[in-house]
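There are 2 protein chains.
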Amino acid sequence: MDKRQSIMNAARDSFGMFGYKATTMDQVAKIANVGKGTIYTFFTNKEELFQQIILELLRDMKSKAEAVIDDNEHFKLNLHNSLFVLLTYRKDHQLTAKLFQEAKEMGTKEAKQAINEMEQAIIEYIKEKLTAAIKKGFIRKCDPEVTAFVLLKIYISFIFDWEENHQPLEKEQILSYFDEYIFKGLALSKC
Amino acid sequence: MDKRQSIMNAARDSFGMFGYKATTMDQVAKIANVGKGTIYTFFTNKEELFQQIILELLRDMKSKAEAVIDDNEHFKLNLHNSLFVLLTYRKDHQLTAKLFQEAKEMGTKEAKQAINEMEQAIIEYIKEKLTAAIKKGFIRKCDPEVTAFVLLKIYISFIFDWEENHQPLEKEQILSYFDEYIFKGLALSKC
DNA sequence: TGCATGACCACATTAGACATTTGGTCAATT
DNA sequence: AATTGACCAAATGTCTAATGTGGTCATGCA
Numbered sequence: 001m002d003k004r005q006s007i008m009n010a011a012r013d014s015f016g017m018f019g020y021k022a023t024t025m026d027q028v029a030k031i032a033n034v035g036k037g038t039i040y041t042f043f044t045n046k047e048e049l050f051q052q053i054i055l056e057l058l059r060d061m062k063s064k065a066e067a068v069i070d071d072n073e074h075f076k077l078n079l080h081n082s083l084f085v086l087l088t089y090r091k092d093h094q095l096t097a098k099l100f101q102e103a104k105e106m107g108t109k110e111a112k113q114a115i116n117e118m119e120q121a122i123i124e125y126i127k128e129k130l131t132a133a134i135k136k137g138f139i140r141k142c143d144p145e146v147t148a149f150v151l152l153k154i155y156i157s158f159i160f161d162w163e164e165n166h167q168p169l170e171k172e173q174i175l176s177y178f179d180e181y182i183f184k185g186l187a188l189s190k191c
Numbered sequence: 001m002d003k004r005q006s007i008m009n010a011a012r013d014s015f016g017m018f019g020y021k022a023t024t025m026d027q028v029a030k031i032a033n034v035g036k037g038t039i040y041t042f043f044t045n046k047e048e049l050f051q052q053i054i055l056e057l058l059r060d061m062k063s064k065a066e067a068v069i070d071d072n073e074h075f076k077l078n079l080h081n082s083l084f085v086l087l088t089y090r091k092d093h094q095l096t097a098k099l100f101q102e103a104k105e106m107g108t109k110e111a112k113q114a115i116n117e118m119e120q121a122i123i124e125y126i127k128e129k130l131t132a133a134i135k136k137g138f139i140r141k142c143d144p145e146v147t148a149f150v151l152l153k154i155y156i157s158f159i160f161d162w163e164e165n166h167q168p169l170e171k172e173q174i175l176s177y178f179d180e181y182i183f184k185g186l187a188l189s190k191c
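One line per chain: the protein sequences are P and E, in this order.
If you count the first sequence from 1, position 5 lands on 5 in my numbering, and the numbers rise without skipping.
If you count the second sequence from 1, position 77 lands on 77 in my numbering, and the numbers rise without skipping.
If you're looking for bench data, these hints aren't it; they were derived computationally from the structure.
Heads up, some of the hints might be wrong.
[To be verified] Facing chain E, a subset of chain P residues (Cβ under 10 angstroms, in silico):
id: 1; residue: Q5
id: 2; residue: D143
id: 3; residue: N165
id: 4; residue: L169
[What the hints assert, rightly or not] Take a look, some chain P residues computed to stay more than 10 angstroms from chain E by CB distance:
id: 5; residue: E48
id: 6; residue: V146
id: 7; residue: K153
In this text, all values refer to a predicted model and were calculated from it rather than measured experimentally.
Glycine included, C-beta positions come from ideal geometry on N, C-alpha and C.
Whenever a hint applies, use it, and build me the whole structure from the sequences.
In structure tokens form, the structure reads like this:
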């Protein structure tokens, strides 16, 4: 029985259920069935333990985003599916949802930091996809950093902000707006 | 000397300097050189006084947005200038800046509400501009509500969020991204 | 003997009794 | 009739004792 692994499992559950602040090292130790001191032989402190959980989460998100890519499909649809999966994960996954709540309601530093890391990771991921797509000629040349930033912000707007004052949007609806605004553009020839 | 007006002036200054919560009715009365009771002959309570200040602010924002429109220019440039003026106002104006700070740092209900009203007002304003532009054939047909929402979110992203991790963008830079992403679109013919 | 442990400690956080401030009222005043 | 500021209840802030928490390390088990 792998002690490090059971500590990770306990920490993931506890952070997911109670957030960063409300998770105590005593509790993690109890759930993991180890002495508290044992945790400190694998992780230097609470923050590093949390960081490891976040890194694991980031890897999981990335693999879920990759899993949805179909090489027989258009770049546009793959990009949409990846972004949608990533932001749905962020919205529905227990740990991410809890961290968003904690960051918003209590302003916990570590929660905010983790959220920022998630956002940076998504931008980095999208940036790679865009760079590859430009090289292959699927989309025209553009700054991948700015474009990834814009895409993420638009998806966040559609998936999170829109619901504040409207009925939630369907996945297909978001795809069609994505197509309409970013891929086709608004202008007529004259303007 | 108009008592109502001097109360409004005092309230505007005080809300702008100290925010909603830290502004006391005693203070407003003192600055306005009236007895506290007098305030309650013009406004039913603190919240309504604040609401009147916000309504005045909204009218001011709208007139500043209108002032920047040039009928000899393209729709796109006018839209950009309006959005830029509105969000720069939101960023730099004493009262709006203070309210954003208060909403973020203290979560004051009234500040959040006021911010939401501002956002709704901007969307309403942009929606009207879009509806007119569609009717005149300047842009192709689209849902004005969703489009206004997307435009606002993108400008907020560029003017506020981008600065969190990057150098601020110039006004012209934002215009060119606006053009690039929304008006022209990303796609090549093939995808 | 080496590794896991939980009692232990310094410090952070909370609870709750008490003091102060504040939104709103209204009898007195002009 | 219009204005005012002393007044009040309720909200908010302050102070301190008590409790909780991250992290350590002497102890003891395998």
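Interface hint for P/D143, Cβ within 10 angstroms of any Cβ on chain E: holds, 9 angstroms
Whether P/V146 stays farther than 10 angstroms from all C-beta atoms of chain E, as the label says: violated, 6 angstroms
Interface exclusion of P/K153 relative to chain E, criterion Cβ beyond 10 angstroms: violated, 4 angstroms
Satisfaction of the P/Q5 interface hint, Cβ to chain E closer than 10 angstroms: At 34 angstroms from the nearest chain E Cβ, P/Q5 fails the 10 angstroms test, so the hint is violated.
Hint status (Cβ of P/L169 to nearest Cβ of chain E, threshold 10 angstroms): The hint holds - P/L169 has a Cβ within 10 angstroms of chain E, the shortest such distance being about 9 angstroms.
Given as non-interface: P/E48, which should sit over 10 angstroms from chain E by C-beta: With a cut-off of 10 angstroms, P/E48 remains clear of chain E, as the shortest Cβ separation is near 23 angstroms.
Restraint check, 10 angstroms cut-off on beta carbons, for P/N165 near chain E: holds, 8 angstroms
Hint violations for this structure: numbers 1, 6, 7, all remaining hints satisfied.
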